[in-house]
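**Student:** Heads up: the protein sequence lines correspond to chains G and R, in order. 1 is the number of the first residue of the first sequence in the working numbering; add one for each residue after it. 1 is the number of the first residue of the second sequence in the working numbering; add one for each residue after it.
No wet-lab data here; the hints were simulated from the structure. One thing to keep in mind: the hints can contain errors.
[Stated by the list, open to error] Dumping the calculated SDA-like pairs for lysine to any residue here, alpha-carbon to alpha-carbon at most 25 Å: (1) 24/G to 453/R; (2) 360/R to 452/R; (3) 366/R to 157/G; (4) 445/R to 355/R; (5) 158/G to 359/R; (6) 158/G to 357/R; (7) 445/R to 21/G; (8) 446/R to 350/R; (9) 23/G to 36/G; (10) 802/G to 357/R; (11) 445/R to 367/R; (12) 359/R to 370/R; (13) 426/R to 357/R; (14) 23/G to 35/G; (15) 451/G to 556/G; (16) 163/R to 207/G; (17) 104/G to 367/R; (18) 360/R to 583/G; (19) 163/R to 570/G; (20) 351/R to 279/R; (21) 24/R to 795/G; (22) 106/G to 408/R; (23) 23/G to 452/R; (24) 584/G to 279/R; (25) 426/R to 452/R; (26) 163/R to 720/G; (27) 163/R to 801/G; (28) 163/R to 583/G; (29) 426/R to 570/G; (30) 359/R to 588/G; (31) 24/G to 445/R; (32) 708/G to 719/G; (33) 445/R to 369/R; (34) 584/G to 429/R; (35) 233/R to 272/R.
[Stated by the list, open to error] Far from chain R by the CB rule (all over 12 Å, computed), these chain G residues: (36) 421; (37) 464; (38) 553; (39) 694; (40) 702.
We treat Cβ as the ideally placed atom computed from N, Cα and C, and that holds for glycine.
Residue-level listing of the chains:
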Amino acid sequence: MSLLHIAIIAPFLFALTVPFFYKKISSIHTGWFVLVLPAVLFVYLLTFIPTMASGEVITHMLNWVPSLGINFNIHLDGLALLFALLITGIGTLVVLYSIFYLDKNKESLHNFYFYLLMFMGAMLGVVLSGNLMVLYVFWELTSLSSALLIGYWYNREKSRYGAQKSMLITVSGGFAMLAGFSLLYVMTGTFTITEIIAQADVIAQSSLFIPAMLLVLAGAFTKSAQFPFHIWLPDAMEAPTPVSAYLHSATMVKAGIYLVARLSPVFSGSSEWFWLVSGFGLFTLLWGSFNAVRQTDLKSILAYSTISQLGMIMSMLGVGSAAAFYGYKAGFTAATIAAIFHLINHSTFKGSLFMVAGIVDHETGTRDIRKLGGLMTIMPITFTISVIGAFSMAGIYPFNGFLSKELFLESMLHATDITSFNMQSLGILFPVVAWVASVFTFVYSMILVFKTFRGKYQPEKLEKKPHEAPIGMLIPPIVLASLVVFFGFFPNVLSNTIIEPAVKAIYPASLTGIESFDIHFSAWHGFNYPPLYMTLTIIAVGILMYLTLAKWQKIYAFLRLHKKDPINYIYDGFLDKLVSGSAKVTNLQMTGLLRDYFVYMNVFLIALAFYTLYHFNAFAIDTTNVAPIPIYVWILVGIVAAAALAVPFINNRVAAIISVGFVGFLVALFFVMFRAPDLALTQLLVETVTTALFLLCFYHLPELRKEKSKPTFKWVNLFISLGVGSLVTTMALSAMAFGNKKPFESISNYFIENSHDLGGGDNVVNVILVDFRGMDTMLEILVLGIAALGVVTLIKLRMNGKEDV
Amino acid sequence: MSNFLTLPILLPMFIGTILIFLAKKHRIQRVIAGISSIALLIVAIYLAYAVYQSPDQIITLEVGDWSAPFGIVLVADMFATMMVILSSIVGAVCLFFAFKTIHSDREKFYFYPFYFYLLTGVNGAFLTGDIFNLFVFFEVMLISSYVLIVHGGTGYQLRESFKYVVMNMVASAFFLVALAYLYATTGTLNMAHLGERVAELGQEGILNGVAIIFLFVFGAKGALFPLYFWLPKSYYGPPAAISALFGGLLTKVGIYAIIRTFTLIFVHNPSFTHTIILYLAAGTMFFGVLGAVSQFDFKRILSFHIISQVGYMAMGLGVFSPLAIAGAIYYIAHHIIVKSALFLFAGATEKITGTTDLKKMGGLLKTHPWLGWLFFISAMSLAGIPPLSGFFSKFALILSAVQEQEYFIVAVALIVGVLTLFSMMKIFMYAFWREPTIKEEDINKKEMFGLLRPIIPLVVLTIGLGFLAEPIFTYSLGVADQILDPTNYIQAVLGK
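Chain G on its own, in the form it takes in the complex (with noise of 0.2 Å):
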């Protein structure tokens, strides 16, 4: 156990505390005592980065269930150390701004931080695990944290479908997942990620690189919500503010991409990877953007706009894939690089406004855009971080996300100079996409800016008299915002400190047999550099586009998005026949009839049991030991089969009884025929009883109506008694058959020789029920005492259901 293990545990036993604090000093608000932590483990995890610039790897070994290949492993290397401090560095920030925005006397804050730790511990667990299986331990406790966070305000409807979205969608990716990780381990017989990658070529040479590769990448999508899984995403803004800020932009849905990013040692160089990672990235991009615009909630702007940027992200991981089949080549790798970096600088910018977000709701008590509007002049401060946040995302300089988003063209036409995957012809998409969604997403980042701050103030529509956020509510995203502008202005601070070994984490130097990648970011390339021109026409146009928005925005009620996302009526349809569907299937099988649970059961049986017969050939009569059958048994058995077919046909109670002991009684002749006395005797007797029981019960009993079926119930019921009847009587022939040719005594001779000198009797059957077997015969008695007993108590014993639970 080292102290990075610590790191990962600490937040859920510091979960476990909070109910505590909540309780006991509940004078001061929860989140001062939360916020120590992450701010703890941030400034721990700072300490780290010149280790892993100088391109080491701290691992930590502990058995947690090694017979099962699971191993709480620790590996830290750039991407996780990356990872690790968005993780507690954003998370520092948001609890700060949540102990402003949750009040404490109104909201159950001992849930809130007991669930947002859980996650930072599970988030924090799922980055620096060298194992894949912890690593999906970690994964599944974030979908739990996180739709238990969604699901916060737990009496609003919307609330609990969005925690159920989202658990769902996520969940089975991860199941997904899981299966995927199976089957690395079984390729490679382990889950330890580093072993794995050091085996990718035995990998990629198995028949199940590609279900590998599909399985995992569905975890990897559902989580960092790619189309067609991203609808979870708009309805998870549900959850207060600080955790759409810190799950649903910054972090949880950031594991995708991780995943990915870990995991392309073992699938880059496909063109499978390249086309999935790629494709779905730019369709997510383009489809996050484009339904982005039509968004009148502030958080559902910043949902689709996540949506759009994580699939950003992911396209540029896959056009670096493209790296491991071109032999790392600058042009290749530079994607990757801009991956990295775009990562940091999405978190930095749409935290702010996520945080911004929740201050013009707290002010306001409204994110709708059609109430908002001239908030600039009473609220300059979150004006000033919104338009540092918006502009960065639209790509304008100086921000940090115009160097990335230059990048990002960069090396989408780049993507264009691929000669094989089919690119040669579909490669001119890469940057047509991303100029096209660059293009949105400049004019939904002026939405979010102007529709808020600028335009006609309306006081009447909003619920407060709004005002500038406390100061701790400013602060994080003040910190956020000054973080966009100082990257902005020194992106070479990150470069080979952060994103240089996160790079080499993706490209790992056994591989590919690079030792370093020389990162340097520029915001001036000179003027023969087309992004620069792609990016001077995506704000032209942009412009245009929002000053011209009124105009085209029909486009969205003719394509039928306006009312909500078309994937959503996929997924609610679904769920609905889903429920519906089993019913029917359910209300089918479990009619309450016993005569259809018989003809269910006898049917599988008959058939099953016939085919095994068949297929094993075992059917088989063998007369040789058979005793000769003199006349009259033959005449008793044509009694006792003639009475027991007369039954079904008799319409009369009393006939039917005495029919049915009429068998019993000539059953009873038989034992006696083969010298069975005691048997016999037991057999009358029983018969004796029932058939007086029977008549007792007679007054009780209803008229017996004569039975008003259809002809198919009755040959149903034909055929089943027919099959089961020529299966038992088929069977034991053919046993007997089977046993007369069996290389060995039964049991029973031992039994007759030692009945007397043993047993000190001479009726072996006696001596076998009381001495040989006595316990059979104990626990009968036993049966028969319980059975006596339940009598009683059903006779006098009447409850009516409701004294007890």
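Following the hints, complete the assembly by docking chain R onto the known chain G.
**Tutor:** Quick look at chain R alone, frame taken from chain G:
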């Protein structure tokens, strides 16, 4: 030492009998019953420990000193003793829950005797090494279950119990028929001896048919597809303590018998028999969970889930590798604990809200947070969310199926996992989220903790079985190795 083997059977039998005579004095009954259930647990643990420490990890007892294969033999191996521990745990927990919930009229009408007789039958079924004796223990268990399931005699109970009884009687009749075939073909009833002789005969011809009849019989007891029809409605009727005991334990006796017979006796045509089991497992999982998805009643959802989870255990046997069997063993342990806990939560919730209809509940997380969170942990464990016990057991099964390239069953298991999560979320969202239906002043904290106290050990166990997965899994692998190598068992019984 080996006489000790009879204690898990004789102790509950004697206690049950003593309690009959104290029927009208329910306080004394409770004291005796409570102490005995703990004693039974201690006995079970000690027995498991003794078996684990013994050289072959098997202890046998020839009852009445009649040597095997002629007399009845009791066999305690790792699998059997583990099951006895589980039955004792659940037996004790449900009993203490019964103290808090059941009406004194029930106590006066031999509730506790029936309860202990049921445990007699269950423990005996685990420990016996004789297949006819297994039939007899099944009878003890079933007759007690018939009485317990109809105990109270409401109209609903009478109607559903009748079906329960009739279907089980038919299955028992086939059990007897199958025994006759088996005896006719092999000439013995001792399970070790059967294993030896069926191996010698190469499990040819009719023996496979006999195997199928046994599968039918035990499948009907264990609620496999398509033989589970008796279960969902009959488990709804009796009091929660009984539903919990039955839900946790009874179907698992059927599964235990399937695993025992299909690892010890009918193991020579796995490509036929175990493939059938695998398909039945898929059907069981799938149709069971669909039932759960369609319901909006706390207890009914849980009842259908029993079926779907029995499918997972059968899946382990169907895949038939050491890892798969170990997964099934682990799953049984997990399931018995979690399922009983969930039924008890349903009972506690019913006691608090007066209903099991989810649509009539709401906001319990606000009014009864402890109940809510303890339920949530158990529900997530059932759905296979890590790091609880349900995850590791399911994972072992899935990994083994992937290894054996049974991808079809992997897909079914994962889809069923999602649907399980869906229906567990449904309970949580309806009963524990939403606006509270109970007023602040009506909350009775003392009553709630009284109800929760017996369940807490089960919740602790499901957490423990998850975090301490290594020792549990090592033990499960030990069990799997032991039952997959029948020679060990045969030698221990027949002494050759």
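**Student:** CA of residue 163/R to CA of residue 720/G, is that 25 Å or under?
**Tutor:** OK: residue 163/R and residue 720/G at ~19 Å, within 25 Å.
**Student:** Does the structure keep residue 802/G and residue 357/R at a Cα separation of 25 Å or less?
**Tutor:** With a Cα-Cα distance of about 14 Å, the restraint between residue 802/G and residue 357/R holds, given a limit of 25 Å.
**Student:** Need the status of pair residue 351/R, residue 279/R: alpha-carbon distance at most 25 Å?
**Tutor:** Distance ~40 Å between residue 351/R and residue 279/R Cα, so the pair is violated.
**Student:** Take a quick look at whether residue 359/R and residue 370/R sit within 25 Å of each other, Cα to Cα.
**Tutor:** OK: residue 359/R and residue 370/R at ~21 Å, within 25 Å.
**Student:** With 12 Å as the threshold, tell me whether residue 421/G passes as away from chain R on beta-carbon distances.
**Tutor:** Nearest chain R Cβ is 28 Å from residue 421/G, so the label holds.
**Student:** Does the alpha-carbon distance linking residue 163/R and residue 207/G stay inside the 25 Å limit?
**Tutor:** violated (50 Å)
**Student:** Hint check: residue 158/G vs residue 359/R, CA-CA at most 25 Å. Holds or violated?
**Tutor:** Holds. Residue 158/G to residue 359/R sits at ~17 Å (cutoff 25 Å).
**Student:** Far enough from chain R: is every CB of that chain over 12 Å from the CB of residue 702/G?
**Tutor:** holds (16 Å)
**Student:** Given the proposed pairing of residue 163/R with residue 570/G, does the C-alpha separation stay at or below 25 Å?
**Tutor:** Given pair residue 163/R, residue 570/G is violated - Cα atoms ~40 Å apart, limit 25 Å.
**Student:** Taken at face value, is the distance from the CA of residue 556/G to the CA of residue 451/G at most 25 Å?
**Tutor:** Answer holds: residue 451/G to residue 556/G is near 19 Å, not above 25 Å.
**Student:** With a cut-off of 25 Å on the C-alpha distance, tell me whether residue 23/G and residue 452/R pass.
**Tutor:** holds (21 Å)
**Student:** Hint check: residue 24/G vs residue 445/R, CA-CA at most 25 Å. Holds or violated?
**Tutor:** This hinted pair holds, its Cα atoms lying about 19 Å apart.
This entry does not satisfy hints 16, 19, 20, 22, 35, going by the numbered hints stated previously.
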